[in-house]
Amino acid sequence: MSQPESALADAQAGGRAPETLAALAERYGLRRAIARPSMPAYLRQLWDRRHFILTYATSRSVSKYSDSALGQLWQVLTPLLNAAVYFLMFGIILDQRKNIEYYPAFLITGVMVFTFTQRTVTGGAKSISSNLSLIRALHFPRASLPLAYTIQELQQLAWSMGVLVVFVLATVQKITWLWLLIPVSLLMQLVFNVGMSLFLARIGAFVRDMNQLLPFILRAWLYASGVFYSITERTADQPEILRWVLEFNPAAAYIEFMRDLLIYERFPERWAWVTCLFWAVFALIAGFWYFWRAEERYGRG
Amino acid sequence: MAEPTKDELTEGGTPTVIVDDLHIVYKVYGAASDAEKGNAANALLRVLRRQGRPQMKEVHAVKGVTFVAHHGDAIGIIGRNGSGKSTLLRAIAGLLPPHKGAVYTNGQPSLLGVNAALMKELTGERNIVLGCYAMGMTPSEVRAKYDEIVDFSGIGEFVQFPMSTYSSGMGARLRFAISSAKTHDVLLIDEALATGDREFKRKSQQRIKQMRESAGTVFLVAHNLDVIEETCNRVIWLHKGKIKMQGDPQEVLDAYNKA
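Line by line, the protein sequences are chains A and B. Under this note's numbering, think of the first position of the first sequence as 1, with each following residue one higher. Under this note's numbering, think of the first position of the second sequence as 1001, with each following residue one higher.
FYI, nobody ran anything at the bench for these hints, they're computed from the structure. Some clues are possibly wrong.
Here are the simulated lysine-lysine pairs, DSS-like style, with alpha carbons at most 27 Å apart [what the hints assert, rightly or not]: (1) B/K1201 x B/K1063; (2) B/K1120 x B/K1057; (3) A/K126 x B/K1027; (4) B/K1244 x A/K64; (5) B/K1100 x B/K1120; (6) B/K1203 x B/K1240; (7) B/K1057 x A/K126; (8) A/K126 x B/K1120; (9) B/K1258 x B/K1057; (10) B/K1120 x B/K1063; (11) B/K1063 x B/K1244; (12) B/K1120 x B/K1201.
Okay, the calculated bits of chain A under chain B, using three or more residues with CB under 8 Å as the criterion [claimed, not checked]: (13) 39-51; (14) 54-61; (15) 71-80; (16) 133-141.
Every residue gets a Cβ at the ideal spot worked out from N, C-alpha and C, and that includes glycine.
If we strip away everything but chain A, and leave its shape as in the complex, we get (with noise of 0.2 Å):
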């Protein structure tokens, strides 16, 4: 039946008043559609598709590779390349290591541990704007694909680690039991990452230039982060508020406490805990509220 036709039946139709479509939804129990899930329940979506995220990280890094002669070789050769470029350009040609011990870990440590953060981060701006086609088909908590790719990260970091842990034995040469608390290090780190990543996802899907920005950004928080140099030394003769805020940048915390555990033999002091702490239940908590609150907007555009 065309519609007018259909128009014409209805108004012959008439006498009786029609019943709206909502009301007749209600009666039958339908509801609409489009509806972002409470927190609670949002959890327990993210908790159900666990195995989703699990695979499509996993799947990730397998297809990455898949196209090079070397194939998964990449996942060792790129912390082990990236720490050889940084060594040859701040080790030997810019020669900073004149007054810190174990100048080769220090330096090597803070470029895995900035990468791990960096990577992250970059993966999880681009993980909603890159994924738009399988946000437009299918039905799952949009969490799910920062979450994957923050885990894609941490297959890499198991790797960047050994390379990590093989150099400090080579050049350090000494193993204590402070190495046992790396894992909650690593775990601090993770938690912040994911709430930056979650964050950054939301940013990086409706701010479209985010991704050719961030890349300078990710570069200015790692020359700002320590990584090349001592803090403490290098803010002796300066203001003490500025060795505060230069000490309270998130990335110099996480890195400053491997070190300790893993060159230094020293057990972190409380300062660092309370920020490595705080950075992780703070970005976690902050990142994972602001992303959830665009759940449904996801994959609009």
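Assemble chain B onto chain A, guided by the hints.
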């Protein structure tokens, strides 16, 4: 726009999907004409003049569609390219928010579109697992369905090879096999049956029939009118985002063919 008649509201028992005066507007990026897009100088001028991005266009894809679907319905949606068919399906699936109006559904309608989750560099085997998880299946469901999916797709030992080595027919078969492995209350199919050989077409029509009997409501978008005629009991003809005609497949298809 098109108010459903009393007949449509009451026939067939329980309604499963109600679409009430639905409008969908979405933004498209990168749709600029050749003169507007291009170099950095133009882009800078635009920023200085505080103009928006010309690449961003709003498309009013669905303009006031109203209908009610019932249990056991298989509804074909036809219309020319760009008439809003796929957009309408996505809106029913709850993947595109309505600009105006509403879609009411029972449970979660699912789009038969697992394609986006699959990765062509990976083997068929991995993709089956990934696709099933993407649709929200549990590990035990995946194990139970795995063999059935491989059998149904008929790709045989190719399941061990990356999907990038498949012919387009094989790829389409595997995708249909994966996405139809899950039972859905309301199933939305967008051109899934366009490829594949005769034998596969027969099998997939069989499966749609089964799903329709067991599940509830099936929506089917296709350019191939034979498929619609054989599977659907009702047809909606969309033209430029509005319903031009709906009702018995034979009548609507005849009118569509004449137009």
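Open item on the list: Hinted pair, alpha-carbon criterion (27 Å max): B/K1120, B/K1057. Please report holds or violated.
Closed with: Given pair B/K1120, B/K1057 is violated - Cα atoms ~31 Å apart, limit 27 Å.
Task: chain B over the segment 133-141 of chain A, status - at least 3 residues with CB closer than 8 Å - done: holds (count 8)
Open item on the list: Check the hint pairing A/K126 with B/K1120 against an upper bound of 27 Å on the C-alpha distance.
Closed with: holds (20 Å)
Task: Pair hint outcome, B/K1100 versus B/K1120 [Cα-Cα no greater than 27 Å] - done: The given pair, whose Cα atoms are some 38 Å apart, is violated under the 27 Å limit.
Task: B/K1201 paired with B/K1063 [C-alpha distance capped at 27 Å] - done: violated (33 Å)
TODO: Compare the distance between the alpha carbons of B/K1258 and B/K1057 with 27 Å, and conclude whether the hinted pair is satisfied.
DONE: It is violated: about 33 Å lies between the C-alpha atoms, which goes past 27 Å.
TODO: Could you grab the alpha-carbon distance between B/K1120 and B/K1063 and see if it respects the 27 Å cut-off?
DONE: The hint is violated at about 36 Å.
Open item on the list: Against the 27 Å threshold, does the CA-CA distance of B/K1203 and B/K1240 hold or violate the hint?
Closed with: Violated - the C-alpha atoms of B/K1240 and B/K1203 are around 33 Å apart, more than 27 Å.
Open item on the list: Quick check: do three or more residues in the segment 54-61 of chain A have a beta carbon closer than 8 Å to a beta carbon of chain B?
Closed with: n = 4 at 8 Å, threshold three: holds.
Task: Assertion that chain B covers the segment 39-51 of chain A - criterion: three or more residues, beta-carbon distance below 8 Å - done: Held - the segment 39-51 of chain A has 3 residues with a Cβ nearer than 8 Å to chain B, which meets the minimum of three.
Task: Three-residue Cβ test at 8 Å for the coverage of the segment 71-80 of chain A by chain B - done: Violated - the segment 71-80 of chain A has 0 residues with a Cβ nearer than 8 Å to chain B, which falls short of three.
Task: Satisfaction of hint between B/K1201 and B/K1120, Cα-Cα up to 27 Å - done: holds (23 Å)
The structure is inconsistent with the numbered hints 1, 2, 4, 5, 6, 9, 10 and 15, although it conforms to all the rest.
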